[in-house]
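Asker: With the sequences and hints as input, model every part of the structure.
Listed below, chain by chain, are the residues.
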Amino acid sequence: MRRGKGTGALGLRVSNAWIEIRENPGRSFLQALGVILGVASVLGGLSISDSQRKRSDELFVKLGGFDKLNVQPSPVSKEGTPSALKNANLGLRFEDATSGEALDPRLVTAVSTQKLIRARVRSAFADQERQISGVGRDFFPGEGYQIAQGRLFSNADLESAAAVAILGSEATQVFFPNGDALGQTIRVGDVPVVVIGLLKERVFRFRKDQRRNIFWWRNRIIALPATLVQRRFEGDQYQRLDRVTFKIPEINSLQMFSRRLSDLLRTNHRQQDDFRLDDVAARVKKQRSNGDVYNIIFVLSGVLSLLGGGLVNVNIQLASLKERVREVGIKMAIGASGREIFKEFMTEALVLAGLGALVGVAVGVAFSRIILEILGVPLYMRPSSLGLAIGLACLSGFLFALYPAAKASRLSPMEALRYD
Amino acid sequence: MTTLIQTLGVKKVYDSGQSVVHALRGVDASIHQGEFVALVGPSGSGKSTLMAILGCLDSPTSGRYALDGQWVESLSRKELARVRNEKIGFVFQYYNLLPRASVLRNVELPLLYAGVSRKERGARARELLEKVGILDKAKELPSALSGGQRQRVAIARALANKPALILADEPTGSLDSNTGAEVLGLFEALHRQGHTIVIVTHDPGVAARTQRRIELHDGLVVESRSAAA
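So the sequences go chain by chain: S and G.
All letters in the first sequence, in the order written, are residues 1 to 420 by this note's numbering.
All letters in the second sequence, in the order written, are residues 1 to 229 by this note's numbering.
Everything hinted at is true.
Below, a list of computed lysine-lysine pairs in the DSS-like style, where the Cα atoms sit at most 25 Å apart: (1) G:Lys78 <-> S:Lys343; (2) S:Lys343 <-> G:Lys87; (3) S:Lys247 <-> S:Lys200; (4) S:Lys407 <-> G:Lys78.
Stretches of chain S that chain G covers, calculated by requiring three or more beta carbons in the stretch to come under 8 Å of a beta carbon on chain G: (5) 12 to 21; (6) 334 to 344; (7) 407 to 417.
Calculated directly from the structure, the hints in this document are not laboratory data.
Glycine residues also receive a C-beta, built at the ideal position from the N, C-alpha and C atoms.
Answerer: Here it is as structure tokens:
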């Protein structure tokens, strides 16, 4: 007849625990407060950090994604008189782009090149000194530009150094305020070029209410075929560049490719470090590990408040035990073992911790919502953060219930019954 | 007749560090199965201590105690809990019902501790409440009941696991005489059904309605005699 399964003992313990909690709202609230604050602070902290991280991930996607490897020229000597060998170097050239792609054509899905010059740009409406980009084949898709009107440079344009231009939205506004830019001619330096394409406006804001468009400068672009720049402007036979970007969708291979590319370029550049590799993924990784520090701080502060709350909790439980000694005595007299009393107290503490965790989740979400609202970042929460917060709460609820429950279970039935 | 309770030189000493109290100085007593016994004596005579030991709520400092053929003086806390659960039903002066549990749940509790299934628990508890005549109050909280009704609930709870022994500590002590008489009547009915009942009392009227009186004085049995009948 004893200790069979399916006696409903657990369910009854839980429902008794619930009655006990309901009948003592003040005490239960104080007991749960530590858990509530702990969960709220862990979850609040983590969800703010999660949201920021998601936001910055989105930012990187908008900036062109993680899958990019930038190479830029870099001054070969930072101080002192450069050696003849250093002076003889040519810097980043078009050849670097083609040989880099040849390293692993399957890995590299696009190579975009950019040569920057400054030139006077004139239309019927404006006359300004502007930065001009001489661009290669994959530049526009690689940089996240989309065409609004007209077309991108064709292979024929790029090969024949055609006198054509593509304008960003700001440049279009400035040079053709009437909106009839397509097909018109602008003079870049002394070269007349025909506008064949207009780009969509690029907008990016960290927050919804942010006035400043962080991408405004991208709309200032005036792009010519790289070959045209090289032949008619500052170019030379070496086809020096200001930037080469390799697009490598397989992020896992990025690090490896970056090393191989660096070796190749050094070899081609007479062992001189006159270029700079900029591994986007590595930067992202670094930023993420910065975030980890904050996460540790958030979890730590949560754990500390759980700890503080837990100690208060133990105190309250011990105080309430005094009121309940007689009840424990009655239960023992009718046959409850110490173990059963222990289980009842633990059940109550765990039910309370669970309820506290739920309230804590609500408080934490509300709390981070308010802060994120102020920061203008949408709320995002990883399931693992939620799990961590609730797990920690239940763990602390469990640990801090052990001592009072053990104390209750060790009461002498005789003394407990006579207790007043 | 089978012996249900047998004590041999049971002593209980309370040592608080400052003073030593000899509550029981060597009690030899035996109670047979089916007996209806009153444990009497003035306050301080040790009857409450003896009842606690007979009820396995406490262990003797020395001496031996056999309940239902089992030596229990050296059992562990866990084993004692089991003995209390299965072999003893307590009835107290102040009822000692759980205030926040319904009447039904109070009666179910010993069955729960015994591991009886939910269905069987409910059925048995109802049966017991019917037996003591308050099945209609099953859903009420004890606070909604009168003293006599509460004591009936306590008796139903004591009977839950069909105990070998019913131990009642001043069961009529906080009831008016009519209700007290009714409760005593219930005990007599239980006795007729074959239950072994020990009532601790200082009320001679109550003691007179039992078969036998064991009288304690200063921790010793001074008289153990059958009632005039």
